[in-house]
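A.B. asks: Protein chains in written order, with my numbering: chain L, 268 to 503; chain S, 1454 to 1720.
In short, the hints are calculated from the structure, not lab data. Glycine is no exception: its CB is placed at the ideal position from the N, C-alpha and C atoms.
Stretches of chain L that chain S covers, calculated by requiring three or more beta carbons in the stretch to come under 8 Å of a beta carbon on chain S: (1) 300-311; (2) 315-321; (3) 431-437.
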Amino acid sequence: MRTKLGYAAALAVLGATTIAFGGPSGGSISGKVTYEGTPARQKPIDMSKEPACAKEHPTPITTETVVTGPGNALLNVVVYISAGAPDDPPPAQPATVDQKGCQYLPHVIPMVVNQELKVVNDDPTSHNIHPLAKINNEWNKSQPPRTPPFIEKFAKPEFIPVKCNIHPWMHSSFAVLKNSHYAVSSGDGGFSLPNLPPGKYTITAWHESYGDQTQDVTISGNETKTVNFVFKAKPY
Amino acid sequence: MAKLLALTIIVIAIASAVPVVMHTWVAPADVSTHGRLIDEQMSETMIEAGVSFLAAQIILAIFIWKFSSLRSDGKMRTFPGGAKGLVIAAIVLVGAEVLALGVFGVKAWATVYFTPPSADAIPVQCQAGQFAFYFRYPGPDGKFGPLHPEMINEANQNLFGLDPEHDPDSRDDIVTAEMAIPVNKEIHLLMHAKDVSHSFYVPALRIHQDFVPGLDLSLHFTATKIGKYEIVCSQLCGLGHYSMRAYLNVMSREDFDDWLKKQAALQ
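Isolated chain S, as found in the complex:
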């Protein structure tokens, strides 16, 4: 029975490693400047975690196979230093692995989070609310008008709570349900949640950032390929979570300028 268990462990471990090794489920092609670093880090992590996982399962199976027939009166060898030594060794080993992942991973992380956006990055505000994303562009004056949450009224599409009657900066703000950006141009994304936690996940951009109510978060990225990509909420946010999505439309500079003009006319 114990030998069957050992074999089962080996079979499950190998079966779960096969799709990873064979690249059965691959991420969509990367269309960002920072994505390569993320992908490299991801595959380093997968290799390291995968080898550790397989090694641990195989050793476990060998031990079960070898020692399951030992009688209760048989002699058992112990780890040098006893249980205490074993725990210390495990902590050092696992700790070193986690630390190494962190140290090597910080390079990829820093490209998105620890460096400021360039001065001419295009600012786009993204508001997540149950159950839709909305985007705001500052318009020709380059300034976002102030937000008045008490004025949010979805019935008349005042989705951000703007007061154009009293705030001149708000008058040329452009609010859209689709996010369009020019290709090969850095975008400074300013994120805030209207109600609960949401997430801004664009697999093709290798960006996955939560919205946290009460926090203004920002990140920056550059898309490198024209196309239409899905933005999905990956943080369970309520009843309509499954339908919370928007589209990221990466365009040529000319198309983007035209699009922005058209959107401005619709405000």
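Just chain L, with the same shape it has in the complex:
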């Protein structure tokens, strides 16, 4: 009898461990974001009025409203689950935006509702970060050089254009999302949304200049579905 109980307990522990650590945890969605047509040419930015920043870019950086890669890849597209997944609590790790060389790094910063956003100034000059929020509270904060990072949060889902009130060329976007199932298209336009339980999902791809597109996807078991998005590029 004791032996049977012992086996049962051992099995239960093993089962729990499998679920918690490393067992197959559902399907995934991956794909590529591309464009068709001619995107607007990105213009070089002249930072001569801020010599400390100009010095950091021997070759001037360009605007980032449309960033492309080889094979018509479209970068900086936020791909996320807009319907079908439960809302997630904010992750413990903060999202980070770094002001370096009078540029926001990265250019698009996704985060979950109420997740901490750490704002860092790595420049020897002052910045005044200004998220132009419409649904969340709008604010702007000055950050002189060598001051510690500060933390902010956004309480509602929203795509927020961000600018610097001191350096007119500095722009970025915050994507405040309801759950952690998101990705930003990288160098080849690729993205991947892993760890999706079976279910019916609406996938949205959002680009700061070209708007958004959605597709419905049903995941069953551990399958990996491929979803591609194609945006229509405009020369102006």
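With chain L held as given, fit chain S onto it using these hints.
C.D. replies: Coordinates of chain S only, in the frame set by chain L:
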């Protein structure tokens, strides 16, 4: 105590006149065709105002020194005609001085503001906005495309609000963050503010003109020396005012043409 006050007034007056007389803080060397007149006017004004200032302070000190010991029952002489005469005399004296400065100064002022630019002056538009200056050249067609303020978008560097898709004149416009001009050639500067008041101040050019929101202002000048000069905003315009500046690059004609071609390729 009153005598100490009189001495203090004299010391302060002389101490503040010393750096002016000694030319301790001089303006940068003038590099414009109209600057000489401005400088002459400036020094006339300084001499006149300086002599008046010193005279007024010294007379004040003498009066304090001389009459401070007068008892309250002592007799005091009055200005001929009483207080009324004194006020009229002061108004006439100060009025004549201000009027004279205006009459003599108008010559310097007129070279920049009251005469039109020559027909072949190079037009350059300057837009001031929080907290940067941007410049626009009309390109090979010689025409500035129309402005659409609602299309201003700094994220894609559409800084002036141009619509090249629909306005052919805008397609060859050249927008820059640095102002380059050829030496010894008249420039017609067209100024407008994007948001609040700013100022276009180039000490070496002896040009100091405010931008007024809603007003299209213009002035003309000729730079006479190749070099790089600072353009600063001298009108407190907000949080980043301290960092609002641009550079004026005066070049040879050949260098300017090359520069313009390079800028055109970057548009």
